[in-house]
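Asks: Starting from the known structure of chain A, arrange chain B on it as the hints suggest.
Residue numbers (numbering that gives the first Met the number 0), protein chains in the order written: chain A, 0 to 280; chain B, 0 to 290.
If you're looking for bench data, these hints aren't it; they were derived computationally from the structure.
From a predicted model like this one, the values you see are computed outputs, not experimental measurements.
C-beta atoms are modelled at their ideal positions from N, C-alpha and C, and glycine is treated no differently.
Hints should not be assumed to be uniformly reliable.
Derived CB-CB ranges, DEER-like [unchecked claim]:
#, chain 1, residue 1, chain 2, residue 2, range
1, A, LEU4, B, GLN54, 50 to 56 Å
2, B, PRO107, A, GLY55, 34 to 40 Å
3, B, LEU273, A, PHE270, 29 to 35 Å
4, A, LEU12, B, ARG285, 26 to 32 Å
5, B, ASP9, A, ASN160, 38 to 44 Å
6, B, LYS231, A, VAL65, 41 to 47 Å
7, B, ILE246, A, ASN46, 27 to 33 Å
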Amino acid sequence: MKKRLSHILNWILLAGSTFIVCLFLAIILWDIFSKGWGALSIGFITNYPTNGMTEGGILPAVVGTVMLTFITTLFAVPLGVACAVYLHEYARPSALTNLIRASIRNLAGIPSIIYGLFGLALFVQSLRLGTSVLSAGLTLGLLSLPYIITTAEEALKRIPNSMREATLALGATQFETITDVVLPKALPGILTGVILTISRAAGETAPILFTGVAFYINGITTSVNQEFMALPYHLYMLSTQHNAVEQVRPLAYATALVLIMLVFVLNVFAFVIRFKYRSQD
Amino acid sequence: MTTGKREFLDKLFKQLFKVAGFITIALLAGILLMLIANSISFFAKISPVDFFTGQQWNPDKQYSILPLVVSTGLVAFGSMIIAVPLGILSAAFLSEVAPKKLQAILKPIIEMLAAIPSVAIGFLGIVLVGPAISALFGTQNGLNALNGSILLAVMALPTIVTISEDAINAVPKSHREASLALGANRWQTLFKVTIPSAVPGLIAAVMLGLGRALGETMTVLMATGNAAAIPKGFLSSVRTITATIAIEMGEVPYETTHYFALFAIAALLFIISLVINLTGEYFANRLRKFQ
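Only chain A is shown next, with the shape it has when bound in the complex:
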């Protein structure tokens, strides 16, 4: 009897902990969906904010976030993949290679706000790009770099060496082997990493605070050297900085919902690609 009781208690302890962790996610999603859904419409995404941002939509923030993640991707993906190619296809074990790997690991652990400071010092001030969507996108690109390198290298590791050897034996140069055989084969794996990076970059706020995000802009951002609005910053602003915080709560919920749906769609997309790719092996 006592044994049976202790078995049940132990089981409850472990399953209960897991249940609580899952409950956190359920509460987050339930609260945002139930309270954000009512204020959400197509018009909310395609309209400009009006009346001191107490009414209307979030079009400038959507445009800003899309431009921002586009710049981030354009900058970080080629550089990150090139670095992964160097590490996996060219570099031999040496003190220098170890230094590169140690740098990547350390970069991954640096708090995002420090990337914000670095973006401010490098892009905004030293390179005179000003507070702009370009500066912010490049800053987020630097933040994403270690992540892209790691996922791209994982994808390269999955390509069997025999494929490289076969191509080289046919007389192709190493560069041709990489562009014609290795990278196309590794593409789904790299793509998964890229999509997850975009999803993270779209939700980041701290690195863009000083590098170009704006409380409000008139119209939408049309050029890379302009300031921009972004979904996560818009949510932060609506929930803490707005002078009618209670009144704009429904708009804040709807913005949170748009942001979460964007992130989830990207994650599902990455999950599907990974699943298809893995089942091919």
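Replies: Chain B alone, transformed into the frame defined by chain A:
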């Protein structure tokens, strides 16, 4: 394409790929240089003794990091009190108890938690956790260290669960079998053999979760009230290092003492995260050798 041209391309791109590799070193060096140079400019004006031992963070009058460090430590410590037991027990459930099918459902759910943007979690701190704390403890508003700890626990949990699970999985099967053969039941085996054997990996999990909690900006900025005084307890409003940088950097004039001060606290944050991440990595490497 002629052979000469092909060989030229091959050599050219070999160098270009190499440059991409070196950029990571340059980036880390650049961040270090920025933090060091600006910190030197700061300590040229303010003595390190005041910086480390003063009582107040009150820009233009006194720059003392103590309230910010205590705040950061308190919130992070609170988050670990919540997240470590929950995370390790969940990991034990996932790897040792849950049937395979349940495991396949639960793991993506926990990973999904990691995908939620920090600003959305901070928002829930304001609209959900804050009012709950204020109703439970009768505080004026629920924006305090406890709120921040709860939110950071949620954010650190996916990291802690995932790495703890790897650590528990890495314990050789023979350990469990030996324990069961000696007559221990599955719970005794789990708590007295499997989990203790996984301790190095569990330390890595906690360190990496703690690193995430310490470096987080938006959730603490939104949920902890941001009073720059030494906190009295979990129901005090606190201001972390990250939140201070986020609040003040947007408004300080370029290259003033206040500007340099924010880089100096960023340097301290960098050192703290580095030590924690390196400790985590040291234990994670031991785990890898174990496997």
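Asks: Please go over all the hints and tell whether each is borne out by the structure.
Replies: Structure-based check of all given hints:
{"no.": "1", "hint": "LEU4/A x GLN54/B: 50 to 56 Å", "result": "53 Å, holds"}
{"no.": "2", "hint": "PRO107/B x GLY55/A: 34 to 40 Å", "result": "36 Å, holds"}
{"no.": "3", "hint": "LEU273/B x PHE270/A: 29 to 35 Å", "result": "32 Å, holds"}
{"no.": "4", "hint": "LEU12/A x ARG285/B: 26 to 32 Å", "result": "28 Å, holds"}
{"no.": "5", "hint": "ASP9/B x ASN160/A: 38 to 44 Å", "result": "19 Å, violated"}
{"no.": "6", "hint": "LYS231/B x VAL65/A: 41 to 47 Å", "result": "45 Å, holds"}
{"no.": "7", "hint": "ILE246/B x ASN46/A: 27 to 33 Å", "result": "31 Å, holds"}
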